[in-house]
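**Q** Just so you know, the protein sequences line up as chains A and B, in that order.
Just so we're aligned, residue 1 is where the first sequence starts under full-length UniProt numbering, counting upward by one.
Just so we're aligned, residue 1 is where the second sequence starts under full-length UniProt numbering, counting upward by one.
Since the hints were made in silico from the structure, they are not lab data.
One thing to keep in mind: the hints can contain errors.
Pair by pair, the computed Cβ-Cβ distance ranges are [said to hold, decoys possible]:
no., chain 1, residue 1, chain 2, residue 2, range
1, B, Gly165, A, Asp239, 50 to 60 Å
2, B, Asp129, A, Ala267, 20 to 30 Å
3, A, Pro47, B, Ser206, 34 to 44 Å
4, A, Asp70, B, Arg240, 53 to 63 Å
Chain B stretches covered by chain A per the calculated footprint, using a threshold of three residues with CB under 8 Å from any CB of chain A [unchecked claim]:
no., segment
5, 155 to 163
6, 201 to 207
7, 286 to 292
Remember, predicted model here, so these are calculated numbers, not experimental data.
Backbone N, C-alpha and C define an ideal beta-carbon position, used for all residues, glycine too.
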Amino acid sequence: MTSGSVSHLGYTHGCLAYDDPAALRSLAVEQVSAGLAAGEQVWVICPQDRGTVTGWLASVPGVDAARRRDALRLLPVGEAYRHDEVVDPERQVRAYVRATTEALTAGHTGLRVVAEATDLVRTTAQRDAFARYEHRIDHWMRHRPMSAVCAYDRSRLGDAAIAELACMHPQTNAEVLFRLHAGDGDAVVALAGELDPSNHRGFAAALERADPRPVAGRLVFDAAELRFVDHRSLLHLRDHARRHGAVAVLRTPSRAPARLVDLLGLAEVRVEVVR
Amino acid sequence: MRSGAASGHVGYFHEAFVYGSDEELLAVTLPFLLDGIAAGEPTAVNLDERNAELVRRALPTGAEVTFLPVSDVYTRPSVALRSYRELLASYVAAGAAQIRMVGELPPVLLGATWDWWARYESAINHAYDDFPLWGICAYDRRGTPAHVLADVARTHPLVARPDGGHEAAGLYTEPTSYLTEFRPAPADPVQRTTPLVELVDPTPASARAAVHAADRGLLPPDGLDGLVIAVSEVVSNALRHGEPPVCLRLWRAPDRIVVTVHDRGTGPKDPYAGLLPAGDGSDGGLGLWISHQSCDHVTHHRDAGGFTIRLTAGNPHFPV
Chain A
1 MTSGSVSHLG YTHGCLAYDD PAALRSLAVE QVSAGLAAGE QVWVICPQDR
51 GTVTGWLASV PGVDAARRRD ALRLLPVGEA YRHDEVVDPE RQVRAYVRAT
101 TEALTAGHTG LRVVAEATDL VRTTAQRDAF ARYEHRIDHW MRHRPMSAVC
151 AYDRSRLGDA AIAELACMHP QTNAEVLFRL HAGDGDAVVA LAGELDPSNH
201 RGFAAALERA DPRPVAGRLV FDAAELRFVD HRSLLHLRDH ARRHGAVAVL
251 RTPSRAPARL VDLLGLAEVR VEVVR
Chain B
1 MRSGAASGHV GYFHEAFVYG SDEELLAVTL PFLLDGIAAG EPTAVNLDER
51 NAELVRRALP TGAEVTFLPV SDVYTRPSVA LRSYRELLAS YVAAGAAQIR
101 MVGELPPVLL GATWDWWARY ESAINHAYDD FPLWGICAYD RRGTPAHVLA
151 DVARTHPLVA RPDGGHEAAG LYTEPTSYLT EFRPAPADPV QRTTPLVELV
201 DPTPASARAA VHAADRGLLP PDGLDGLVIA VSEVVSNALR HGEPPVCLRL
251 WRAPDRIVVT VHDRGTGPKD PYAGLLPAGD GSDGGLGLWI SHQSCDHVTH
301 HRDAGGFTIR LTAGNPHFPV
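Take these sequences, add in the hints, and give me the full structure.
**A** Okay, structure coming up:
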């Protein structure tokens, strides 16, 4: 979980693409250790049975006590998600909103989730719904004391499917050239990385799934971490803004996008150059 | 109703005028401008400082002639095309029956970068034909190389004579033919040295990274951004429309960065590629147009081995 930047303390929504199951085990140990140390309630959701996961976590200090006082829950995938079905993004977000509130009420400092979600994203329809869910829950995590790392088995999904999901996370180890996630302040979405001819269709899909809505006629995109954007992706922003009768505002330290916007005469895209 | 020699003509009345003295220049341009003013037509001059001053002094005081800033318009052909089309459209929107313009490319553009201005001179027969424009392109015989005059003769359908006559040009070649001919541009001397970077089948991202790494503060920020965008587009086009392998080479000279991208294909089919925007942005047509707007020189080179596009950011005017 190294690539990408965390904009404020505690906001973590990572995506781990793994080939070796040992990486999933390491992730669980790391997250459970960190979560318990921080006083959070930790959920480990994976296809493995409780006995296996208990074995993984044997080295974590205080793990048995944590389970007894409900600071640690080990959940087979089917108990947290509707296994093998197309996820309902709104319903799933509501469940985590409730879980976060309950964790706080029970005296924990927050909710931390490790979720192996490969079985939920095997088909195109599942991935489409799940990517929409990923972005909605990302907004919740951006502002509330919940964090999550989603793990996906690359050997079963392949790079293209992983990329569709990984790009919806602020942090990932997957080889994705761009990321789209929840923004801060009046920025409804933040963009990071590079948007170019190789990934503009993926960006269009991500944008459609995130479906950011304008506030007072403005759709503000925080592009502080966006190193490159080409005209194709600016056209996607324009199209999205146009669909919502709004103006897309791209907030970026670079002067290059403004030149492209001028050149193409994109009336619905405004570039604000910020330092 | 159009006045003068272009009376009854529809679209662009595109004349070449090759002159040999100040007197010849004035003998054609003064009546051209004054007749335009008399007819109430928008009348503009785009000459370098010296010749602009010559014409200005010869005009009656208060003559309604617009003097365009030559360095702004003639920076890059695709930029000139875009700004002229906007200017012409504004005149037409204001009710002009005809627009008269006399222009001359600065001498520096007749050297290492002439190839793309020759393409410009040909392409505007199509690109300005939407407008009732009478344009005279002046070339000074004393400073214009013979091969440039040969291109001028083939890209202008009409010729203005120093005695005031106007006639059809015998060598004129339609842009759709002229622009698809093989027209080698002079090799940049830096291309005879070992490239700083050589990449085979690079991704657009790795090509962009190579440009950033090579720059090390050489180019102004806008120049670097422009080259990065162009390299990204050109590599993407070659990967998508060309024949592999795609080979990128980059040279760094004290005053410029030169990048070539080669593939084994035949290059873009559109004769106006790069000079006019093509398509809606989903294919390569806009990318090539943007590249021509954002670099200081772009050449297209075709030979038996394939297609090479060369991008220069910085000073492209090496001695020819």
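**Q** If a hint holds in the structure, say so; if it does not, say that too.
**A** Each hint, compared with the structure:
1. B:Gly165 / A:Asp239: 50 to 60 Å: holds, 54 Å
2. B:Asp129 / A:Ala267: 20 to 30 Å: holds, 27 Å
3. A:Pro47 / B:Ser206: 34 to 44 Å: Taking Cβ atoms as reference, Pro47 of chain A and Ser206 of chain B lie about 37 Å apart, which means the hint holds.
4. A:Asp70 / B:Arg240: 53 to 63 Å: The hint (53 to 63 Å, Cβ to Cβ) holds, given that Asp70 of chain A and Arg240 of chain B are roughly 55 Å apart.
5. 155 to 163: Since three or more residues must qualify, the claim that chain A covers the segment 155 to 163 of chain B is violated, with 0 doing so at under 8 Å.
6. 201 to 207: This one holds; 3 residues, not fewer than the three required, reach chain A with a Cβ under 8 Å.
7. 286 to 292: The restraint on the segment 286 to 292 of chain B holds, since 3 of its residues have a Cβ under 8 Å from chain A and three suffice.
Against the hints set out earlier in the document, a violation occurs for number 5 only.
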